[in-house]
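Trainee: Residue strings, one per chain:
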Amino acid sequence: MATTERYVGSSVPRKEDAELVTGRGRYTDDMAIPGMLWMAVVRSPFGHARVKSVDVSKALGMDGVVAAFAGGDFDWAGPLLMAWPVTSDINNPPHFPLAKDKARYAGDGVAVVVAESRAAAVDAAESVHVDYEPLPAVVDMEAALAEGAPIVHDEFGTNRCYVWTNTNGDVDKVFAEAPVIVKERYRVQRQVPNAIEPRAILVEPNNATGQFTMWSSTQIPHVLRTAMALATGIPESKLRIVAPRVGGGFGSKLQVYPEEALALELSRRLGRPIKWTETRSEGYLATHHGRDQIQEMELAADEDGRIRGFRAKVLANMGAYLRIIAPGTPVLGAFLYCGAYTGEAYQIELTGVFTNTTPVDAYRGAGRPEATNAIERAIDALARRVGKDPVEIRRMNFMPPFTEATQSIGGLMIDSGNYPATLDKALELADYEQLRKEQQARRASGDVKQLGIGFSTYLENCGWGPSRIIGGVLQYAGGGWEAATIRCHPTGKVVVITGATPHGQGSETAFAQIAADELGVPIDDVEVLFGDTDVSPNGWDTYGSRGAAVGSPAVAMAARKVVAKARKIAAHELEVSEEDLTYESGRFTVKGAPDRAKTVPEIAFSAWTAHNLPDEVEPGLEESAFFDPGNLVFPYGAHICAVEVDTETGEVEVVKYVAVDDVGTIINPQLVEGQVVGGVVQGIAEALYEEAVYDENGQLVTSNMSNYAIPAAPEVPSIATGSHVTPSTTNDLGIKGVGETGTIASPPAVLNAVVDALSPLGVTEIERPATPENVWKAIRRAKGGAA
Amino acid sequence: MTALTGRTITRAWPRPRADFPVCTASDYTPALQTFRPQKGGPTLKRIEVTVNGVRREAEVEPRQLLVYFLRETLGLTGTNVGCDTTSCGACTVLLDGESVKSCNLLAVQADGREITTIEAMATDGQLHPIQQAFHENHGLQCGYCTPGMIMAAASFLEENPSPTEEEVRMALEGNLCRCTGYQNIVKSILAASQQMSGAKA
Numbered sequence: 001m002a003t004t005e006r007y008v009g010s011s012v013p014r015k016e017d018a019e020l021v022t023g024r025g026r027y028t029d030d031m032a033i034p035g036m037l038w039m040a041v042v043r044s045p046f047g048h049a050r051v052k053s054v055d056v057s058k059a060l061g062m063d064g065v066v067a068a069f070a071g072g073d074f075d076w077a078g079p080l081l082m083a084w085p086v087t088s089d090i091n092n093p094p095h096f097p098l099a100k101d102k103a104r105y106a107g108d109g110v111a112v113v114v115a116e117s118r119a120a121a122v123d124a125a126e127s128v129h130v131d132y133e134p135l136p137a138v139v140d141m142e143a144a145l146a147e148g149a150p151i152v153h154d155e156f157g158t159n160r161c162y163v164w165t166n167t168n169g170d171v172d173k174v175f176a177e178a179p180v181i182v183k184e185r186y187r188v189q190r191q192v193p194n195a196i197e198p199r200a201i202l203v204e205p206n207n208a209t210g211q212f213t214m215w216s217s218t219q220i221p222h223v224l225r226t227a228m229a230l231a232t233g234i235p236e237s238k239l240r241i242v243a244p245r246v247g248g249g250f251g252s253k254l255q256v257y258p259e260e261a262l263a264l265e266l267s268r269r270l271g272r273p274i275k276w277t278e279t280r281s282e283g284y285l286a287t288h289h290g291r292d293q294i295q296e297m298e299l300a301a302d303e304d305g306r307i308r309g310f311r312a313k314v315l316a317n318m319g320a321y322l323r324i325i326a327p328g329t330p331v332l333g334a335f336l337y338c339g340a341y342t343g344e345a346y347q348i349e350l351t352g353v354f355t356n357t358t359p360v361d362a363y364r365g366a367g368r369p370e371a372t373n374a375i376e377r378a379i380d381a382l383a384r385r386v387g388k389d390p391v392e393i394r395r396m397n398f399m400p401p402f403t404e405a406t407q408s409i410g411g412l413m414i415d416s417g418n419y420p421a422t423l424d425k426a427l428e429l430a431d432y433e434q435l436r437k438e439q440q441a442r443r444a445s446g447d448v449k450q451l452g453i454g455f456s457t458y459l460e461n462c463g464w465g466p467s468r469i470i471g472g473v474l475q476y477a478g479g480g481w482e483a484a485t486i487r488c489h490p491t492g493k494v495v496v497i498t499g500a501t502p503h504g505q506g507s508e509t510a511f512a513q514i515a516a517d518e519l520g521v522p523i524d525d526v527e528v529l530f531g532d533t534d535v536s537p538n539g540w541d542t543y544g545s546r547g548a549a550v551g552s553p554a555v556a557m558a559a560r561k562v563v564a565k566a567r568k569i570a571a572h573e574l575e576v577s578e579e580d581l582t583y584e585s586g587r588f589t590v591k592g593a594p595d596r597a598k599t600v601p602e603i604a605f606s607a608w609t610a611h612n613l614p615d616e617v618e619p620g621l622e623e624s625a626f627f628d629p630g631n632l633v634f635p636y637g638a639h640i641c642a643v644e645v646d647t648e649t650g651e652v653e654v655v656k657y658v659a660v661d662d663v664g665t666i667i668n669p670q671l672v673e674g675q676v677v678g679g680v681v682q683g684i685a686e687a688l689y690e691e692a693v694y695d696e697n698g699q700l701v702t703s704n705m706s707n708y709a710i711p712a713a714p715e716v717p718s719i720a721t722g723s724h725v726t727p728s729t730t731n732d733l734g735i736k737g738v739g740e741t742g743t744i745a746s747p748p749a750v751l752n753a754v755v756d757a758l759s760p761l762g763v764t765e766i767e768r769p770a771t772p773e774n775v776w777k778a779i780r781r782a783k784g785g786a787a
Numbered sequence: 001m002t003a004l005t006g007r008t009i010t011r012a013w014p015r016p017r018a019d020f021p022v023c024t025a026s027d028y029t030p031a032l033q034t035f036r037p038q039k040g041g042p043t044l045k046r047i048e049v050t051v052n053g054v055r056r057e058a059e060v061e062p063r064q065l066l067v068y069f070l071r072e073t074l075g076l077t078g079t080n081v082g083c084d085t086t087s088c089g090a091c092t093v094l095l096d097g098e099s100v101k102s103c104n105l106l107a108v109q110a111d112g113r114e115i116t117t118i119e120a121m122a123t124d125g126q127l128h129p130i131q132q133a134f135h136e137n138h139g140l141q142c143g144y145c146t147p148g149m150i151m152a153a154a155s156f157l158e159e160n161p162s163p164t165e166e167e168v169r170m171a172l173e174g175n176l177c178r179c180t181g182y183q184n185i186v187k188s189i190l191a192a193s194q195q196m197s198g199a200k201a
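Residue numbers (our numbering), protein chains in the order written: chain R, 1 to 787; chain A, 1 to 201.
Bound conformation, chain R alone:
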């Protein structure tokens, strides 16, 4: 049974695929239970309105309708969990599943109906009569902070949610003395995450025992269980939450949603299974959005471009309510406004702002794409100012290579890094010299289609996270460790049970690779279970690129505990001391007598029968481990983008994209490449196409997939990838995490390329996203014409 093949480091095809390519994967909406009822939520059509009365009587009289309730009909045990109060004086409005007095965004739930079919529920929801008194809405953050603005939460008398600051070094002195100051303003537009699977929920009550099972399209069954207990008073011990196959999340399913609490509460009240699946248009209003910042970024530098200080002032849109980690999302990027560069002083001020818009929370990268946008675009502005090439300005400001944890000016203790190495490799892959020659030729000939080259030499922090740090200085209410259990069955087959909750990343395969290597068994003998709170150990689920970086070390630790116990049993059976055994690839061998050996599967059988165990050894071969990292992990890399910009129409085409990343030790190159490419393309979409637009009344104008521009295959380029490995010092596997690097890195690379293409025309700035309209306007502005 033992094998000498190593799985870690090779592109093992995914264990997940067999059911997913055949249509046998089970997502929440694929399930039905006898007696099941459908829920529909009545949502405010206004961005801001007083709810004067709700009349459900007409709905209740409709055929097939079982129940209908307004917000005031519920008495919750507590509000929906908001886990990250970033400052002690944060304005934190309790958020309940349905609004009672006031609807604060278009889509805010005000009533709920339950019926025998989805059609009947939807028909009935439309018959609920809500008497609204429309109020002026505020959607723009600067307008929301101005005197006399409509107030989203009246009790605070302001739309300011919090102000969070961090300073290192003498910022005022550095900025007063520096000969060069670059000051830029960027708007990081709002995005709709758009996991292709809409959210879905199914709750089944057990009316005899008071137990409930909830299937939900969620990234966080464990966190959700505790949050549901807090909201409904149903104890965690009577609540089972299952995330079956989940069709992507990107942060949008890292949430505790009103509909989850409503479905659970209604199943308790009615004693019937309750189902809810959002329509995509409904999801555009009801599923949280991402990004949405206004940034003022300043660099203080010497005349040659050496950076001395970083100063950022950021407004971050919270939307109408604070969702689970909304206030902390900008904080995740707050240490990265210096990127991978050195300096003497650093200051950041984050201001959270309430507006009459769908709540904003984590979206792939969460805070770090915003920070990377600011520093990577500002350093290009500095390069233009001091007349340096974007490569040269980066090289002269990089932190020098290091293999032991090193302090950054932003306040991070970074695990390891070699920033010039990824840049060198990316330049080679992109054939930079040739690109510049081509650019010169087009500039010389006055080509309508100009070529631009953009860089993003990003640094990020992920692998959420060290519990003591995130609960200490960062004020996060939760922890960041991860758990794993490994059970060896009598015949030698292995089950790995993780507290992480993968939803497309391929972690099932990655965890199996690690366990198979540690235990020396074929990967087909390893099954990975997850996503069911009754099956998996308590854990912290999957987000923030933590699956590989925090989940994998827990799997390896549990496996090593199994091996340690197996060693005791093997020594006993072979009648030697433990020290006389060598262990390799699942096989314990007596030193000097290689034919005397026991394999892990053999020991698993012995441990099961327990006929002949050492006195101090308990039966069974099953071990659990909890891994709480001592630090975050810090992937980085160099991305180079070449674009063609049509100077007459403003159309942008990405013609070359190179991504060289250091994500530490690579478990599975194919999975890593998949994460990088998918993330980069999502970031290209952010740079060029996607924007959630509200009108001044709080109506979401980009309200579904037909008017929000998600690119399809013809719009996006092929991505060339490369890697450089400096093992992380945070975990002994050396893993850094890869889920978010692409969306963090790519938007500024694309935008810098667009500005570079147009710089001969005098363009120095471009609005995000760089749609043909925004590019055309930038060209007009530069020419001195009215945009």
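Wrong hints could be hidden among the right ones.
[Said to hold, decoys possible] Straight-line Cα separation of at most 25 Å, DSS-like style, residue types lysine-lysine; simulated pairs:
(1) Lys187/A to Lys656/R
(2) Lys656/R to Lys183/R
(3) Lys15/R to Lys187/A
Hints in this document: simulated from the structure, not taken from any laboratory.
Since the structure of chain R is provided, determine the placement of chain A on it from the hints.
Mentor: Leaving out everything else, chain A in the frame of chain R:
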């Protein structure tokens, strides 16, 4: 929304005051899903369709979309629903051998016709070459768009057995994926085309 659901949503909310600007773009206009005969509801219509080689008869509401007929009446949940605007293509199936978005057809429009879904692509325990290629080339992550992608590819490779990368990308313009950046989907379909034309030769 009217065009999609075949029905005008009658709104019970009070209209906003005349002096209050109105935008209806994002008003809550849910698509209709999941039908169950209601008293006084529309007359049911009997249809006969051949699904994955099996003749099926059923009584359906005239307003029921084909995708819900497949998922909820026949229990073929491999075909997914990702939007309500015919944008994402997760619901792509073959109708008389050609790919269609099954959210954009009524079940009654399939009467007398032949439908193939993802469940019928693997035969005798063997993956279809397109399925195999998606597996080998990491052409999927969360898997939600995958059945639609595979069905779209199956129809396309019938028309064009030896496509270029550009042609594959163009053929997929009606199918959205949020995970892969399309690169490995395109690679998978090109690999499948070689495998399939090799097998025929």
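Trainee: Indicate, hint by hint, whether the structure satisfies it.
Mentor: Results of checking the hints against the structure:
no.: 1; hint: Lys187/A to Lys656/R; in the structure: 17 Å, holds
no.: 2; hint: Lys656/R to Lys183/R; in the structure: 30 Å, violated
no.: 3; hint: Lys15/R to Lys187/A; in the structure: 20 Å, holds
Violated hint for the displayed structure: number 2, the only one.
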